[in-house]
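Engineer: The lines below spell out each chain.
There are 2 protein chains.
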Amino acid sequence: MRTDLLRRVEDRLRSLLAAERDLWSGVHEGAVVPIDALAELIASGGKRIRPAFCVTGYLAAGGDPDDPGIVSAGAALEMLHLSALVHDDVLDDSGTRRGVPTVHTKYTQLHGSRGWQGESRRYGEGVALLVGDLALVYSGELMAEAPRSVVPEWNRLRSEVMIGQYMDVHAAAEFSVDPRTSRLIARIKSGRYTIHRPLVVGASAAGRGDLAPAFEEYGEAVGEAFQLRDDLLDAFGDSADTGKPTGLDFTQHKMTPLLGWAMQRDEHIQALITEPGHTPDEVRRRLLETGVPDDVERHIGGLVERGCKAIADAPVDEVWRTELADMARRVAYRTS
Amino acid sequence: MRTDLLRRVEDRLRSLLAAERDLWSGVHEGAVVPIDALAELIASGGKRIRPAFCVTGYLAAGGDPDDPGIVSAGAALEMLHLSALVHDDVLDDSGTRRGVPTVHTKYTQLHGSRGWQGESRRYGEGVALLVGDLALVYSGELMAEAPRSVVPEWNRLRSEVMIGQYMDVHAAAEFSVDPRTSRLIARIKSGRYTIHRPLVVGASAAGRGDLAPAFEEYGEAVGEAFQLRDDLLDAFGDSADTGKPTGLDFTQHKMTPLLGWAMQRDEHIQALITEPGHTPDEVRRRLLETGVPDDVERHIGGLVERGCKAIADAPVDEVWRTELADMARRVAYRTS
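Residue numbers (this note's numbering), protein chains in the order written: chain A, 101 to 436; chain B, 101 to 436.
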């Protein structure tokens, strides 16, 4: 049932882009470029975590699996995420995503190789800006097909992720040790955006706003675990698994909780990151010496437990409690 | 009646931002920066053309002036426009807007003066990217308060403006003479976005989709006049009036219809624009010599006439036909 719904989410994403492509290719041959950029990104993979939580929240809340509204809601969350990825890659100047060149990298190179007018970087980043804007617009289009009961949660989700992103960019620029801000950003950007609010969007679509508190507690805990795993994968993971370069948090000066805690124990780490001439391996070794990565692993374990407990007493069917507990573990112990 | 509705649009824009500010200032003192950036942009002025056409379309269609949905629809169009302005200023690297520094310029300078980590340009443009994203999200929030009947037109308006922007950026990079593409971009970016679709959003909110054809013909004509005036103001206007530097289309290699037509008559103009060492005054003089600016003036006159004719037989009250004719002239002969 859930697998079928997630397949239909996938179909909806593709059918929207295909319809737009049909419409625009009749207007001007050049107009389809931003649409095709989104289609390529969808085809290149991705975990579809947000649609999965949205659909799970809906089914756990007893929603009708034949209602097309939930399919559109799941697709809207994924389309919003595509927008965030394309814009995020500009903010971070990331070269690859899902194993292929990022949008701004691809169009910066194209501009350079064709010898077009103006600055290649501005062109490439400009195209990515507009491709991300287009995805943001399409996500709104999709969510307008969902029941109106999702609107308040959807509004909060979107403005929150933009403000969280701003705070993240700003914290990276200031790069001062401030664990309160780091944890707030992690909670806003990951917990709520990836898990808590998608679950509540799903429950709201089923008319079960009463599930919001349990889903919030579950989502905040599992979401923090998700983000901490992200930080560990960035610091110690394998880019062949993650599809993007590792060590980006170091080079981008991301004030992650992992780095924040480590810097509190070892002042020297800040210098290793900000001063030239140090390799990511030096940072990794020093990080391990602080013992913080082990602490983070233990903390993840506690968060998963807290998430499962939050859901244990929720008024949802046993089968969905088990499934949500499984999802918590899959998210917290993923390798990519 | 219309003045009152437009005052309420203004209040709605401010009240949304004030409520968001209240919410976020309680979360983190740094979170309000992107909200304040939008509030400053609203306070700095602007012509509010899109809300004016939306509200006019609604009233001409016999909509109830006491329905708060039309206020939200008007505010949504203006908020979308704020997003487009902030992102556009990054695409064009414009330094000022409405007489004050653009968002990316302000935050690039702030970053530099504070000596923060990372590249000042990436920070400033990143903040602007997120401020624009936030405005795009708020515009969706506002439009969700309008009657559902606006959704199809609202969807088309938004995706069209993003794709039109992409085509504009791409045409500026290629900078080949292609009047068909130039006119298409002008029609998409200005006519439809500024006049035709806001009018139809208003008519749809009043349940009068039957007015769409007349509003489309009016909007396409008056919108083209609006854009041609924009091109003339950029080439020959006074930056003290427009609040932004003039000659931007030259330095940004914007393939406007004005430049496209002039380049067809005088090949040398392309070199004056793309090759270093030429002043905007040289381009201006050469443009005038082609006679194209006079032709454009005449063309604007014809477009205004065509717009008025389109509305002359529309099933709307006489008072609104007169008002729409007045608006056509105000838009086509504005000085800022």
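Worth flagging that the hints you see were computed from the coordinates, not collected in a lab. Just to be clear, a hint being listed does not mean it is correct.
Among chain B residues calculated to face chain A with C-beta under 10 Å, some are [to be verified]:
{"no.": "1", "residue": "Ile-149"}
{"no.": "2", "residue": "Leu-191"}
{"no.": "3", "residue": "Gly-195"}
{"no.": "4", "residue": "Ser-213"}
{"no.": "5", "residue": "Trp-216"}
{"no.": "6", "residue": "Tyr-223"}
{"no.": "7", "residue": "Tyr-238"}
{"no.": "8", "residue": "Val-261"}
{"no.": "9", "residue": "Ala-272"}
{"no.": "10", "residue": "Val-277"}
{"no.": "11", "residue": "Pro-279"}
{"no.": "12", "residue": "Asp-330"}
{"no.": "13", "residue": "Leu-332"}
{"no.": "14", "residue": "Leu-333"}
If the Cβ cut is set under 10 Å, some of the chain B residues that face chain A in the computed set are [stated by the list, open to error]:
{"no.": "15", "residue": "Tyr-266"}
{"no.": "16", "residue": "His-270"}
{"no.": "17", "residue": "Thr-281"}
{"no.": "18", "residue": "Ser-339"}
{"no.": "19", "residue": "Asp-341"}
{"no.": "20", "residue": "Gly-343"}
{"no.": "21", "residue": "Leu-348"}
Model, not experiment: these values are computed from the prediction. Don't be surprised by glycine CBs; every beta carbon is placed ideally from N, CA and C.
Engineer: Next, verify each hint and record whether it holds.
Structural biologist: Going through the hints against the structure:
Nearest Cβ of chain A to the Cβ of Ile-149 of chain B: about 21 Å, over the 10 Å cut. The hint is violated. For Leu-191 of chain B, the interface hint holds, since its Cβ comes within 10 Å of a Cβ in chain A; the closest pair sits about 5 Å apart. Evaluation of the Gly-195 of chain B hint against chain A yields a violated restraint, the C-beta minimum of about 14 Å exceeding 10 Å. At its closest, the beta carbon of Ser-213 of chain B sits 12 Å from a beta carbon of chain A; the interface hint therefore is violated under the 10 Å criterion.
Interface hint at Trp-216 of chain B: satisfied, since its Cβ lies 4 Å from the closest Cβ of chain A, which is below the 10 Å cut-off. For Tyr-223 of chain B, the suggested interface contact is upheld, since its CB lies about 5 Å from the closest CB of chain A, less than 10 Å. The interface hint given for Tyr-238 of chain B holds, since its Cβ lies 7 Å from the closest Cβ of chain A, which is under the 10 Å cut-off. For Val-261 of chain B, the shortest C-beta to C-beta distance to chain A is roughly 8 Å, which falls under 10 Å, so the interface hint holds.
A least Cβ separation of about 7 Å between Ala-272 of chain B and chain A falls short of the 10 Å threshold, and the interface hint therefore holds. Residue-level restraint check for Val-277 of chain B is violated (minimum Cβ-Cβ distance to chain A is 13 Å; threshold 10 Å). Of the supplied interface hints, the one on Pro-279 of chain B is violated, with its beta-carbon coming no nearer than about 13 Å to a beta-carbon of chain A, more than 10 Å. Taking 10 Å as the C-beta cut-off, the interface hint given for Asp-330 of chain B is violated, the closest approach to chain A being about 20 Å.
The closest approach between the C-beta of Leu-332 of chain B and any C-beta of chain A is roughly 22 Å, which is over the 10 Å cut-off, so the hint fails. Below 10 Å, beta-carbon pairs count as interface contacts, and Leu-333 of chain B has none with chain A, the closest being about 22 Å; its hint is therefore violated. For the restraint placing Tyr-266 of chain B at the interface with chain A, the shortest Cβ-Cβ distance is roughly 5 Å, inside the 10 Å limit, so the hint holds. Of the supplied interface hints, the one on His-270 of chain B holds, with its beta-carbon coming within about 6 Å of a beta-carbon of chain A, less than 10 Å.
Nearest Cβ of chain A to the Cβ of Thr-281 of chain B: about 7 Å, under the 10 Å cut. The hint holds. The beta carbon of Ser-339 of chain B is not positioned within 10 Å of any beta carbon in chain A (closest approach about 22 Å), and the interface hint is therefore violated. Violation of the interface hint for Asp-341 of chain B is found here, the shortest Cβ-Cβ separation to chain A being roughly 27 Å, above the 10 Å cut-off. A hinted interface residue such as Gly-343 of chain B counts as satisfied when its beta carbon comes closer than 10 Å to some beta carbon of chain A; here the least separation is about 23 Å, so the hint is violated.
Interface restraint check for Leu-348 of chain B: the shortest CB-CB distance to chain A comes to about 13 Å, outside 10 Å, so the restraint is violated.
Against the hints set out earlier in the document, violations occur for numbers 1, 3, 4, 10, 11, 12, 13, 14, 18, 19, 20 and 21.
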